[in-house]
Each structure stands twice: as structure tokens, then as C-alpha cells.
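Novice: Given chain A, work out where chain B should sit, using these hints.
2 protein chains.
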Amino acid sequence: MILEVAILDVKQNEEKKFEMEFFKAQKIIMNINGYISHQLQRCIERPNRYILLVNWETLESHTIDFRLSDEYNEWRKLLHHFYDPFPEVDHYKTIYSNV
Amino acid sequence: MILEVAILDVKQNEEKKFEMEFFKAQKIIMNINGYISHQLQRCIERPNRYILLVNWETLESHTIDFRLSDEYNEWRKLLHHFYDPFPEVDHYKTIYSNV
Numbered sequence: 012m013i014l015e016v017a018i019l020d021v022k023q024n025e026e027k028k029f030e031m032e033f034f035k036a037q038k039i040i041m042n043i044n045g046y047i048s049h050q051l052q053r054c055i056e057r058p059n060r061y062i063l064l065v066n067w068e069t070l071e072s073h074t075i076d077f078r079l080s081d082e083y084n085e086w087r088k089l090l091h092h093f094y095d096p097f098p099e100v101d102h103y104k105t106i107y108s109n110v
Numbered sequence: 012m013i014l015e016v017a018i019l020d021v022k023q024n025e026e027k028k029f030e031m032e033f034f035k036a037q038k039i040i041m042n043i044n045g046y047i048s049h050q051l052q053r054c055i056e057r058p059n060r061y062i063l064l065v066n067w068e069t070l071e072s073h074t075i076d077f078r079l080s081d082e083y084n085e086w087r088k089l090l091h092h093f094y095d096p097f098p099e100v101d102h103y104k105t106i107y108s109n110v
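Read top to bottom, the protein sequences are chains A and B. All you need for this note's numbering is the position in the first sequence, starting with 1, plus 11. All you need for this note's numbering is the position in the second sequence, starting with 1, plus 11.
With the rest of the complex left out, here is chain A (with noise of 0.2 Å):
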């Protein structure tokens, strides 16, 4: 299982904006082979920052099977023109976990 990690710095005032398409959004990943979960997440200190992490079979369902698929420019579509900066993504394998 692999961690996608997204910081997402979204532009002020639109936050509200953001969370409603991502609630629509947030229905693509669901469908692509190899998802598993996922959770978007808000910065009490910095309240236009949000952390999406999802949890992927594999990195290429990522990168591969999501992010080369038709669903993937509905996805940009929805979000990308909220982020200011465009924000990198890193995937992470667990070390050590107690949940």
C-alpha cells in the first residue's frame, strides 16, 4: 500500500468553493482501479492549506492508472485551478503504524 501525500495551498476565499467541487470530485478517485481511501483534511493554522492523503494498491494506481486516464482531466478540471501554489506530490510506504 502506497501514501499519496498532497499539501493544498488553496487560493483566499475560495475554500468554501474548493471543498464543494472536491466533494463532487472526490467521487473519481473512488472509481480507479487500485484506490483504497482517502481523506482531505483542513490546517487550523493556516486555514487555506489542506492535506489530501490517499491510500493507493500500488504507486503506478496513482500515477499510472489515474493519473493517464479520462477521469484524470475531470479531476484537474474540478481542482486545479484552486491551488496557488500547484502543489507537489509525494508518495510515502509505512515504516511503522499503530492505527
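Keep in mind that the hints are not guaranteed to be accurate.
All copies of an identical chain are treated as equivalent in the list; a pair is satisfied when it fits inside any one copy or across any two copies.
Once the Cα atoms are required to be at most 27 Å apart in a straight line, the calculated DSSO-like pairs of lysine-lysine come out as [claimed, not checked]:
#1 LYS38 to LYS88
#2 LYS104 to LYS27
#3 LYS22 to LYS104
#4 LYS38 to LYS104
#5 LYS22 to LYS38
#6 LYS28 to LYS104
#7 LYS22 to LYS35
#8 LYS88 to LYS22
#9 LYS88 to LYS35
For the record, the hints were derived by calculation from the structure and aren't laboratory data. As the structure is a computational prediction, the values presented were derived from the model and not from experiment.
Specialist: Just chain B, lined up with the frame of chain A:
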């Protein structure tokens, strides 16, 4: 519930030592009042980067019950010398979750 997020950049070639010390240190947070769960994950793209995710009952479980405790000094001694730069730590609240 509050999610603590820390992106940890560990000095080059100290990754294995860090993981061993973290294995000990994690017992410290697990005994703090308000601790719920945690994960340490390692970045695939930047192998000296880790993400620490800790779920706490409240923001104060982390900022007061943990950070003002004697146990925090132990945690600092075990781990803080590994980081360069010293990490920023943010706290998040769930907007959407499908886990």
C-alpha cells in the same frame, strides 16, 4: 479528533538510525493522554523524507499534554538532532473521509 502532520527531513545517511530511534520514541507518544494513533511513513521520491501523522483527541492533547510534559524532553533528545531543516508541524481537521 485532530491530525498532527510533520514532514521530517532527516540528515543524509542517518535514515536507518532515525528509524531505530523512532521505534523507541513512539512509545512515548503512545502513553500521552489524548493520543489516538500514529504512522511514520517514508517518502519514495525523497528517501530521507518521512511523514509523521498522529491523531490526537484535541489540539491541546498535542500542544499542551504532550509538548509541556517531561516525556517531550525525552522525545526531543531521541529525535530532534536528526532533522535538517527543523520541521514545521501543522494540525488538521477532517473535511471528508472515506477510510
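Novice: All hints are to be evaluated individually against the structure, with a verdict given for each.
Specialist: We went through each hint and held it up to the structure:
| no. | hint | result |
| --- | --- | --- |
| 1 | LYS38 to LYS88 | within (14 Å within a copy, 44 Å between copies) |
| 2 | LYS104 to LYS27 | between (31 Å within a copy, 15 Å between copies) |
| 3 | LYS22 to LYS104 | between (30 Å within a copy, 19 Å between copies) |
| 4 | LYS38 to LYS104 | both (24 Å within a copy, 20 Å between copies) |
| 5 | LYS22 to LYS38 | within (23 Å within a copy, 39 Å between copies) |
| 6 | LYS28 to LYS104 | between (32 Å within a copy, 18 Å between copies) |
| 7 | LYS22 to LYS35 | within (19 Å within a copy, 40 Å between copies) |
| 8 | LYS88 to LYS22 | within (16 Å within a copy, 38 Å between copies) |
| 9 | LYS88 to LYS35 | within (12 Å within a copy, 45 Å between copies) |
Checked against the numbered hints above, the structure violates none of them.
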